[in-house]
Amino acid sequence: MENLTSLISRGQDPSRRTILRYQNLLNITGRGTITFGIWSVVRWVLYYMFDSRDLERIIRKADPTGEVISRQGSRILVFWLLLLVMQIDLGIRMYIGRSAIAESRGRKKKSIYLGVAALYTVMSFISLIGGVLQGDTYTSSWIVEAATFLVDLTAEVVLVELVYAACRLRWHRWEETSGKA
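Residue numbers for the sequence shown follow the working numbering, beginning at 1343 and rising by one.
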């Protein structure tokens, strides 16, 4: 992939510069999506390892009587369920990110990943807003909650930019090939 700065300095035509700019943005947002997916898994594992009282609160909400399974059994069950959910989340983010990177490099990708990214973004925003409106936190520190909210919001902005860059890149490539540029 050509460097955008070198093309500008050589006087490349504006439509080609625009395509390169969106390719670069799509590549960066694809990598960001993968990075935020990995961070999401790391964050939940760290929560589980270092703040077991928060996990106890989750378990009490899931089973307030404590009669169904033992406390140790419930800890193990919750850990494995959270790990499964995090793996699904990471898998979705990896699919979206790798598809975006491939498209930014000029490989033809089906539009299904854009639909998945858009749906995932909407669902994540709803979840993020629901968590804020509910006001129920699983950590004891408001600083941790605020930082988590900002990181999650940033991850959603990256997904929105990814969808935008992919759509604009496809539009400009279509204009270039059809001779409308």
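Derived from the structure by calculation, the hints contain no laboratory data. Treat the hints loosely; a few may be bogus.
What the hints assert, rightly or not - Here are the in silico distance ranges between beta carbons for each label pair:
no., residue 1, residue 2, range
1, Cys1509, Phe1392, 30 to 36 Å
2, Arg1373, Arg1510, 15 to 21 Å
3, Val1427, Trp1516, 33 to 39 Å
4, Arg1512, Phe1421, 26 to 32 Å
5, Met1391, Val1458, 28 to 34 Å
6, Gly1473, Thr1377, 38 to 44 Å
7, Ala1444, Trp1422, 31 to 37 Å
8, Ala1444, Arg1358, 18 to 24 Å
9, Gly1457, Thr1377, 18 to 24 Å
Cβ atoms here follow ideal geometry from the backbone N, Cα and C, with glycine treated the same way.
- [ ] Given the hint of 18 to 24 Å, check if alanine 1444 and arginine 1358 actually sit that far apart at their C-beta atoms.
- [x] 20 Å, holds
18 to 24 Å as the expected CB spacing between threonine 1377 and glycine 1457, which holds or is violated | 22 Å, holds
- Task: Mind checking the hinted window 38 to 44 Å against the Cβ distance between glycine 1473 and threonine 1377?
- Result: 21 Å, violated
Requested in this report: With respect to the beta-carbon atoms only, verify the hint that valine 1427 and tryptophan 1516 lie 33 to 39 Å apart.
Outcome: At 38 Å between Cβs, range holds.
Satisfaction of the hinted span 26 to 32 Å by the C-beta atoms belonging to arginine 1512 and phenylalanine 1421
42 Å, violated
Q: Check the following: the C-beta atoms of arginine 1373 and arginine 1510 are separated by a distance inside 15 to 21 Å.
A: Since the Cβ atoms of arginine 1373 and arginine 1510 sit about 18 Å apart, the hinted range of 15 to 21 Å holds.
Quick check on a hinted range of 28 to 34 Å for methionine 1391 and valine 1458, using CB atoms only. 31 Å, holds
query: Given a hinted range of 31 to 37 Å, is it respected by the beta-carbon distance of alanine 1444 and tryptophan 1422?
result: 32 Å, holds
Cysteine 1509 paired with phenylalanine 1392, Cβ distance criterion 30 to 36 Å:
41 Å, violated
The structure shown violates the earlier hints numbered 1, 4, 6.
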